[in-house]
Each structure stands twice: as structure tokens, then as C-alpha cells.
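Student: Each chain, written out:
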Amino acid sequence: MREEKALIRVENLVKYFPITRGIIFQKQIGAVRAVDNISFEIRNGETLGLVGESGCGKSTTGRTVLQLHKPTSGCVHYGNVDLVSADNNTIRDLRRDIQIIFQDPYASLNPRMTVGRIIAEPLEVHRIGDEKERRERVKDLLALVNLNPFFINRYPHEFSGGQRQRIGVARALALNPKFIVCDEPISALDVSVQAQVVNLLEKLQDELGLTYLFIAHDLSMVRHISDRIAVMYLGKLVELTSRDELYSNTQHPYTKALISAVPVPDPVLERERERIILRGHVPSPANPPSGCRFHTRCPIAESVCEKEEPEWREICDDHWVACHLV
Amino acid sequence: MALSCLEEVITLEDREVILDIQNLRTRFDTREGVVYAVNGITYKLGAGETLGIVGESGCGKSVSMLSVMRLLQVPPAKILADSIKFKDEELMSLSRTDMRRVRGNEIAMIFQDPMTSLNPVLTVGFQIKEPLKLHMGLSDEDATKRAAELLTLVEIPDAELRLDDYPHQFSGGMRQRAMVAIALACNPTLLIADEPTTALDVTIQAQLVDLVKGLQKELGMALIWITHDLGVVAGLAERVVVMYAGFVVEDALVDDLYGNPRHPYTSALLRSLPRMDGGSGEALEVIEGLPPDLLDEPVGCPFAPRCSFVKDKCLEQNPALEEFSPQHNVACWIDINTGEFK
Chain L
1 MREEKALIRV
11 ENLVKYFPIT
21 RGIIFQKQIG
31 AVRAVDNISF
41 EIRNGETLGL
51 VGESGCGKST
61 TGRTVLQLHK
71 PTSGCVHYGN
81 VDLVSADNNT
91 IRDLRRDIQI
101 IFQDPYASLN
111 PRMTVGRIIA
121 EPLEVHRIGD
131 EKERRERVKD
141 LLALVNLNPF
151 FINRYPHEFS
161 GGQRQRIGVA
171 RALALNPKFI
181 VCDEPISALD
191 VSVQAQVVNL
201 LEKLQDELGL
211 TYLFIAHDLS
221 MVRHISDRIA
231 VMYLGKLVEL
241 TSRDELYSNT
251 QHPYTKALIS
261 AVPVPDPVLE
271 RERERIILRG
281 HVPSPANPPS
291 GCRFHTRCPI
301 AESVCEKEEP
311 EWREICDDHW
321 VACHLV
Chain R
1 MALSCLEEVI
11 TLEDREVILD
21 IQNLRTRFDT
31 REGVVYAVNG
41 ITYKLGAGET
51 LGIVGESGCG
61 KSVSMLSVMR
71 LLQVPPAKIL
81 ADSIKFKDEE
91 LMSLSRTDMR
101 RVRGNEIAMI
111 FQDPMTSLNP
121 VLTVGFQIKE
131 PLKLHMGLSD
141 EDATKRAAEL
151 LTLVEIPDAE
161 LRLDDYPHQF
171 SGGMRQRAMV
181 AIALACNPTL
191 LIADEPTTAL
201 DVTIQAQLVD
211 LVKGLQKELG
221 MALIWITHDL
231 GVVAGLAERV
241 VVMYAGFVVE
251 DALVDDLYGN
261 PRHPYTSALL
271 RSLPRMDGGS
281 GEALEVIEGL
291 PPDLLDEPVG
301 CPFAPRCSFV
311 KDKCLEQNPA
321 LEEFSPQHNV
331 ACWIDINTGE
341 FK
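Protein chains in written order, with the working numbering: chain L, 1 to 326; chain R, 1 to 342.
Rather than coming from a laboratory, the hints here were simulated on the basis of the structure. Note that this is a predicted model, so its numbers are computed, not measured.
Sample of chain L residues lacking proximity to chain R, with all beta carbon distances greater than 10 angstroms (derived):
id : residue
1  : V14
2  : P18
3  : V32
4  : Q67
5  : K70
6  : V84
7  : D97
8  : Q103
9  : Y106
10 : S108
11 : R117
12 : Y155
13 : K307
14 : E308
15 : D317
With a cut-off of at most 20 angstroms between alpha-carbon atoms, the simulated EDC-like pairs for lysine to aspartate or glutamate come out as follows:
id : chain 1 : residue 1 : chain 2 : residue 2
16 : L       : K178      : L       : E121
17 : L       : K256      : R       : D210
18 : R       : K217      : L       : E274
Which bits of chain R does chain L cover? Going by a derived footprint, with three or more residues having C-beta under 8 angstroms, they are:
id : segment
19 : 206-212
20 : 219-231
21 : 260-273
22 : 285-291
Virtual Cβ for every residue (Gly too), placed ideally from N, Cα, C.
Use the sequences and the hints to build the structure in full.
Tutor: In C-alpha cells, the structure reads:
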């Protein structure tokens, strides 16, 4: 496993959003520490799941990796290139390889463009093929995501949520990317339609050899689709390991609580299960707690957790945790 | 399982039926045509019972409850029912004034989105005190005292100080707790929770489910929990009603429903879910196609176009909800074990 080549290597990635006061003479009075010094790698052909509660910085991480937000500091290595220090032309070329599928299929498709134009847009931007070739390519893409190529002249409002998400997938695939950030691609979909989209993503990964960063808050779906899973809390990674290890040998108290909070569709199991219920709510990332950021809600916190920030360390092969008490 | 069913049957028989819905139909007249949102649903609820209503968006689970509460605007809505009985009162024949006496008092409701269901320009305290003054005739002073008690009951710290806060000063989870406090203000006999945790994170969802469960035990009210999450219902409900396209397709005790689903939709839905505890890696079972368009008048079984057992009869005639075993009703022509007609 260790020899697998990393496709993307993220080192000490930081993204702060400034909080300003004043309209004309803006003064920075603080910062939302959305992503605060995280490092991980995404290996060729794998699906890395990224989970956490809303506001923990998981979407910001995805967007910062793609340079849709310019990071405050840190590096994102793609092959031999550091995307952070690369110039705009290089990034623009590399965007062919790295794509994104957005969360909300209602907001991420332009309602005034036909499906054909939406999917052809990346091809136009990168000046690939002529009008006719593009149209053929769009038809192929529609077929690839199990949509009828006759839909090419329709508008987004004529489609259901699941179908729209497929259009989003087709657009992401237009340039034959190697890596796709899936930013909560199924959260907005109905239960009976979620499986359709997830199966499609898995099928495409097998056929096209794609690598995914799969961002979600639904742990059961992440468990289903991912090879490795990273858990995030308030801008920090708290645990990162393979899927099976994460569930069979959970180390971080936050991960434990998160797993136990997910309801299982089985009434017998639900009655017997011991649940860890976290008190309170997620603190503000503009003013995160000292030391370990989880200590205010942690059921096993000790005095050291309040003072010192835990180190991000590998406790056994390929299992990373940030906790003093592990 | 047979034994546990038997016990439940007895307890349910013992229970006084507090809500009895017979053949409720709700339609909306729109510019595009008539929307058939609820197409004849029938079920009963016992005092103190927890009922889960499960279904996808657009299946009529919320609309059916809003119809019972008469919170829909008529027109465009058109609510028809043979009878909706709450305790001994026929809700369908109540005047608007009389309905107002029941609503928020004996039947309370928590809504899905805690961001929009509280009034942003009124303090949380004012909004909790409103039903207390209106229904129970408390003075402002008494109402304030009771409101603080209620906020403490839903585990909001420094309750007395927080009464003067506005909703935007509360987090999502706290707002939903405040909604619970408002709903509980007049000791309702029935609490209807309409997807109260959908907008919340899993850890906050676990808190709220835990809280409502505890309060229900303490106060002994009946609870209807509407959700699309089969996991939440498994841990919470005693009985579950599964809805699809405005119809009740299956209705059973919770163990029965998950252990022995009899409707192809329920069964397929359960198999399409990834499990936290089960195996992973294999492809999820997919229910092909989409839920039907509610603008078409329903003909035949609503699930027939997506059903793997579909026969000609299913496309023509809609099966009625029939007893499969005591406390377990299914609306399907087919026996899903054999794939043949029953």
C-alpha cells in the first residue's frame, strides 16, 4: 500500500478568511480559521473520504486544493508542480486534470444554458475540437452518465435532482480529468436516488481510473465509497486511516462520537447500541479553543488537552491521529 | 419476533386512540393542473405512541400532517377526508376558531428548518410565551417563569438570560431546542415533528433525538416523527408508516418493518442504504427511475413503474392497504417472496 504513488500531496495547508470592519477603510479585525495547517496525500486511483460537521472546513479544503480559494499558506503538490506557487497559465492547463462536482445540483448549473452548452463549456474554454466534435463528445458524455443524448438541447429545470447531478458529473468528466473533488454530491438528493449517483461515480472510477476526494457529512455513505477516510474538526484533521481501520480501530474520541451518532437502519441494533452523545455545539472557527480544539466537547479531555495542541502523528502503519490520549 | 409482536398488540389495544385518520386526500390546484399530494391515507395513533412516517421528498408526508393541522392555505389546497378524529373531536368539522384552540395547544408541531420557523424580529422568550398567554391565559410574569423552565427543560444553559436573545443569537441546534420548548409549552397530547433534524449535523441530531425521546417519556405525549432517514426512525419509533407518492404503502411495528418488509418499495429502499455496521465494497442496490409526477392522476400502483415485481394488474389497479399479519399492513398485489400474486 505504501508504495502507491501520491497523486496529490497537501502540506501544511492553511486558509484563513479575514473578518473586516468598516466599509471604505477596511480593517482586518480577525480571521475565520477555516483550514488550519493540515497535511495529507491522495493516492492514485483511490477515493479519499473527508468527513466532518458543517463548518469544519471540509469544503474549503476541497476548494483550496483546487485553487478555487488561494491558500493562506502551505503547498499542494500535483505531480511535480506546486499548485500554490504556480502561475495562472499553468493552473489553467492543469485544471483539465482536476475537476469538481458541486453539492447543490440546483445552483451549480446555469439555468439559462442548455445541457449541451453546460457540458461543452470546459471544452470551449480549453479550445478542444470544433463545434461538431464537441457536440459528439457531449453526447458521448451524456450516455456515459446514463442520460439520454436526446436531452442535449434541454434546460436544467427540465431535470430532476439526480439527473442534474449527472449533468454535473458529465461536465466534470468533459476534459478527461484524473482527479475530481466531489463536494457533497449526494446530500441534496432523495434517498432512493442517492444510490444511483454513488454507483455511477464508482462505475466511472473503475472505467476511467479516476481519483476522488469525496467530501460528505454522511458517514455511512463515505464508508461505502472510500478507500481511506479523513475526519476533520474545526479546521484540523483529527484522524486519517483506511476505511476498515477507521471503523474497527477508532482512535480519536471525536471520530468515535461521530460514528456513534449515525443512526443505523436496524431497530434491534439501535436499541442495544451504546451511544456517545456530544454535549454543546461546534465552537466558532473565528475563535477556536486553545490546545486541542475538541477539548470543550471531548468526553475524556484532560488538562493537557486544554494547553497543548496535539501532534499529528502516525500511531501505526498508515493510521494518523491528533490526540494526546491515544 | 412473534412473541414481541403479541405483546405490542396487547399494549396497542389497551391504548386509547387519540388520532384516527380515515381516507385523507389533499390536492392543490395549480396553474399546471391538480397536484395529487395525498391520495387517501388511513391510520390510527395511540396515546403516548411514537409513530414514524417515512418517505422521500414529495411523497406527501409533510402535507398530510399539515392537512391534519389545517395549516395549508385553502385554496389552492383542497383537503378531503372521511374523518380525522382527534380524541373525540372531529377536526374536519371544527370552525377556524375552534381549530385554533386545538392547534399549538393539544397538537403541537416542530418544523424542519429552525432557521426559518422562528420569527427573527421577536425574542425567543416572546415566542415561547405566546402560546402560554394565548392558550393558558398566563400573565406575562408567570409566562416568563414558565418559559425559563421550558428552556431549561430542553437543556439550554442560562435559560433566564437567553429568553431575551433573538433567534440569530442561537445556533441551529439551539433554535430547534427552542422550537421544542414552544411546542411543549401547553403540554400537548400529540407532538408532530416534521423532519426536525434534517438541517442539523449528526452529532446535533443525536442530541435532539435523545432530548425528544426523554421528554416524551417524561411527559407521556404521543409523537409523530416525519423523516426520510430510515436510521433515525429505527431508533425512535414503535410503529412506522411508509409513504410513497401520496399513498401509505406499508405500515408495521418497527421490528417487523425492518426485519420483514413486505412492500417492494420498503424492501428496495432498505437495501439501497449503505450500512455503518454491515459489509461494504459491493455496489448499492439501486431503485431505477424517479418517483411519479404528482400532476398526473394516480392510476394503478404508484410504485409499479419502478418495481422489479411489476405485473400488468399493478399498472391498472391500485392495491388497497391490507392486513398481512396483525399490526402489519401492506398495499401490494404481489408476495415479494415468490414474486407471484398473493
